[in-house]
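This is what each chain is made of:
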Amino acid sequence: MKKTLLIALVALTAFCSVFAQAAQEATNDGPVKFSMYYSDNATLPFKENWLTVVEAQKLANAEVDWEIIPIADYSTKVSLALNTQTNAPDVILYQTTTGENASLAMNGAIVPISDYSDWTPNWNAMVEKFGMQDDIETLRLKDGKLYYLPSLTDVPFYDGGLILRQDFLEQYGFDAPKTYDDLYEILKKYKEVNPSSYPLTILAGPRVLYRMTMPAFGLSIGKNGAGGSRVLSWDYSNKQFFAAAVSDEFKAYISFFAKLYAEGLLDPEMADPIDGGIWSRKMATGASMATWAYYDQIGGVEAASEIEGFKLQMYPALAGPAGAHHQQKNRTGSGIMFPAKTAERKDFEQIVRAVDKMFFSEEAALLWCIGKEGVTYNMVDGKVEYTDEIKNSAEGIYKYMQLNYGCGSDVTQMIWVNSREMTKYDENYSQINAAVEAIGDVIQYIPPTPKFDDDSAEEATTLMTPLADAFEVWCDAFLTGKKSIDKDWDAYVAEMQKLGIDKYCALYNANL
Amino acid sequence: MPKVKDTSASSKALNVIIYAVMVFSLLICIIPFIYMVSLSLSSPKAIINNQVRLIPKGINFEAYRQIFTYPNFFRAYGNTIFYTITGTFIALCMTILFAYPLSKTYLKGQKILMKMVIFSMYFAGGLIPNYLLISSLHLTGTRFAMLIPFAINQFNLIIMVNFFKALPQEIEEAALIDGIGYFSILPRIILPLSTAAIATVGLYYAVFFWNDWFNGLIYLNTKQYPVMLFLRNIVNGTMVLGDSSSASTDTATLSISIKSAVIITSTLPIIVLYPFLQKYFVKGLTVGSVKG
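Residue numbers (the numbering used here), protein chains in the order written: chain A, 352 to 863; chain B, -12 to 279.
Read the hints as simulated data drawn from the structure, not as lab findings.
Treat the hints loosely; a few may be bogus.
Claimed, not checked - Reference excerpt, derived from the structure (chain A facing chain B, CB under 10 Å, subset only):
#1 E399
#2 L402
#3 I420
#4 D424
#5 M634
#6 A635
Each residue gets a CB set at the ideal place from its N, CA and C atoms; glycine is no exception.
Can you build the whole structure from these sequences, using the hints too?
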């Protein structure tokens, strides 16, 4: 009896394994299946039935198991997956190789995708089409390899900037401001008319103001400074870093804003994070009239304001001592990464090819940007014409397309063509962008990331932490007048030098 | 015996002060909550124009509609309820089963076990070792990752142990004499006398499982996420905006009314639970067990 049972069991096991193998082979012709991390933003919650999501999978003959992870916790989840390689997905969206990822890449946790460039023909073609070979070179790590497929932009666009109450400018006969001095005059006039107001306020906190205005003064430092060094900036003419936190550029910059603060022209509450609701309230009620923010935030405030004739307008970047510049932006953005574990899969090549087709092919570029012809738009005389439902939506084309079709999300749209993007915005926005483009070089590139090895990366971090902390404290003190820029500047420079800012700068330049 | 009523002026004054302090404390607790309710029900326009006080203005349910239509919201809510109920049940069973023997000083090795418990309270493994442990137990990606590793919390265990220690030894002796077996003493004698401790510890566990988002984030997959993870994402919406250096998806801000609605949605069920548990706190503490 026992023998019979044993034989039956062995036969069953053998049958099962043969059957499983057959099933495996059968799926080789079917869609390639893989899991993918997606960074989910609460303002644009992911939907598996979005037109783009469904169509992109069809396009690449893929079946994706989407792992939707809230954006606030995305880096934690990705870091755990890459560090432990357990429960990791096959593909990770919305990644770069700065910070921790660089050292993870160098330690073999991420697939060097440049080794498999034959499998990414669409991405290669787009890089060539946009002439971005040099931009891609800067993303290679110390070993000369590329560890992710970045998103590509043909011409970076001016999506946020100085926003002012146009009705106030018209009422008091001001022209559109061209320089920071022009802005000062406008703010001063507003304060004169509305003594209880703080004319300039900032959404989220000082770091937004700093990152958007510092480039016009020839620097970019602080928490959101371009390049992430916190106290160094890139000298665009000499192509190397300089100690911006102790430079004359910073002195001129902070003097200007300290003057605004001292005269009650800059909102003191911006030291606390000002959230979207409070910011809108300040603008809509006239407690403030100027801000730096993104274009698509204007509409909501205009609709909510009860002030008669209330009108907000975004203006091209103001000229400072270093010319008219806005926050730096790269033509490459966050992109797609493969954890090392994925390369062990037999169908790794199919996965890479599917991802390449799904996000970087011409069809995918159109799909993720403007949807599907006949569903979201039609071509009329070679121009994109959106359907009436989209054109007449209350949220505007861009937001409507995002929410209902998944078009235009930073996470999934990998190809950004400026002229195609402009079809989603109003005439006014296109004109501002045209004006910015006419000024030329308003949006500079983000400085290159130094190619640190583990030791120099650690040394840089050790130097950076106290420098960044000291900078934050002094910067706040200068801005709010707790420390005098004239009297205390030398003490500040001495402290920064004691903390090794020159050594830190030399370390950056040595590893370019 | 006639009821003694103190009617002196000083006593009355004291009463007034007591009531005033109580009302003041009550208001401190309740006003922010009412304000949240009011914000969550008001129109964005009224909020932006600073017209909302304690009474909602321009009443609408848009904020709640947005939360409830958030993809997978109800599945996540169901997950959280599951984790809270199952997690609390498992945790209570495990904690009681561990606490009871630890409360017996004559148990061999009791002191060492207790020291080990206290040691692990102060020195934990850290994120990555914990993750690797859970992962090597093949719990990642399963719902058990939310339940099993947190079945015994040292702090709650110590509360339990001390409570059991305080129960008179004589009851157990009497039970033994009356012929009840060793294994029946815990469920039939001790537990009915411990409702206060069980309610307290149970509530601690329930609140923990209800609020827990981090363990869900690191151990689970999307379909198993607790609702707190989504709600946290919504509340953090604008914070992320400040750190983002690019536009498009990150630029649209969520109104304060949605955040308020989130806070109400996430705290209300636990608040509702308190009155039902309150009677156990009082009863449990006053039940006498040994007379004479």
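With a cut-off of 10 Å, does the beta carbon of A/D424 approach a beta carbon of chain B closely enough for the hint to hold? 5 Å, holds
Holds or violated: is there a CB of chain B closer than 10 Å to the CB of A/E399? This hint holds: A/E399 lies near chain B, its Cβ roughly 8 Å from the closest one there, short of 10 Å.
Mind checking the CB of A/L402 against every CB in chain B and telling me if the closest is under 10 Å? 15 Å, violated
Per-residue hint verdict: A/I420, partner chain B, C-beta under 10 Å: 7 Å, holds
Would you check whether A/A635 satisfies its interface hint, that is, whether its CB is within less than 10 Å of any CB in chain B? Holds. Min distance 5 Å.
Close enough to count: is the Cβ of A/M634 nearer than 10 Å to one in chain B? A/M634 check passes; min Cβ-Cβ to chain B is 9 Å, inside 10 Å.
The structure fails hint 2 only (numbered hints given earlier).
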